[in-house]
Amino acid sequence: FRSLGHGPCIKLMDAIRGKTAYLPSWDLTKKMIKFMKDQGISYQSEVVIGLSTALSLVPFMNLGIQTACLSLPIRYHHSAVEMADLRDLENMINILLALLVDNVL
Numbered sequence: 001f002r003s004l005g006h007g008p009c010i011k012l013m014d015a016i017r018g019k020t021a022y023l024p025s026w027d028l029t030k031k032m033i034k035f036m037k038d039q040g041i042s043y044q045s046e047v048v049i050g051l052s053t054a055l056s057l058v059p060f061m062n063l064g065i066q067t068a069c070l071s072l073p074i075r076y077h078h079s080a081v082e083m084a085d086l087r088d089l090e091n092m093i094n095i096l097l098a099l100l101v102d103n104v105l
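Residue numbers 1 to 105, in the numbering used here, belong to the letters of the sequence shown in order.
Where hints are given, some of them may not hold.
Stated by the list, open to error - In silico EDC-like links for lysine to aspartate or glutamate, alpha-carbon gap of 16 Å or less: (1) K30 to E46; (2) K34 to D102; (3) K31 to D85.
Calculated from the structure, these hints are not laboratory results.
Please put together the full structure from these sequences, using the hints given.
Now the structure itself:
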């Protein structure tokens, strides 16, 4: 269960029964988790059944592309009252910038 204000989510798996599933590169995911722990950044683990990310097909492209996934916890997705915590969004942007600038991945 993802909570607003408790940090971005690191996706460990998602799946739509009978259609598609996403499993990230465990090596990249471990690097992200270690980086976030070392920086004292809170995060949440995410396992979702019943929906899938657009990223789900990327690992199968071009003979395989390693991926890891951060997501923003939200409520009431695709509705007029969809909501997120701006602190989660700011942390997610800062994490992505730091991962790229520090060449962690």
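A quick look at each hint next to the structure:
1. A C-alpha spacing of about 14 Å is found between K30 and E46, which places the hinted pair at or below 16 Å, so the restraint holds.
2. Between K34 and D102, the direct Cα distance comes to roughly 13 Å. Compliance with the 16 Å bound is thereby established for this hinted pair.
3. Of the supplied pair hints, the one linking K31 and D85 is violated, its CA atoms being roughly 25 Å apart against a limit of 16 Å.
The structure shown violates just one earlier hint, number 3.
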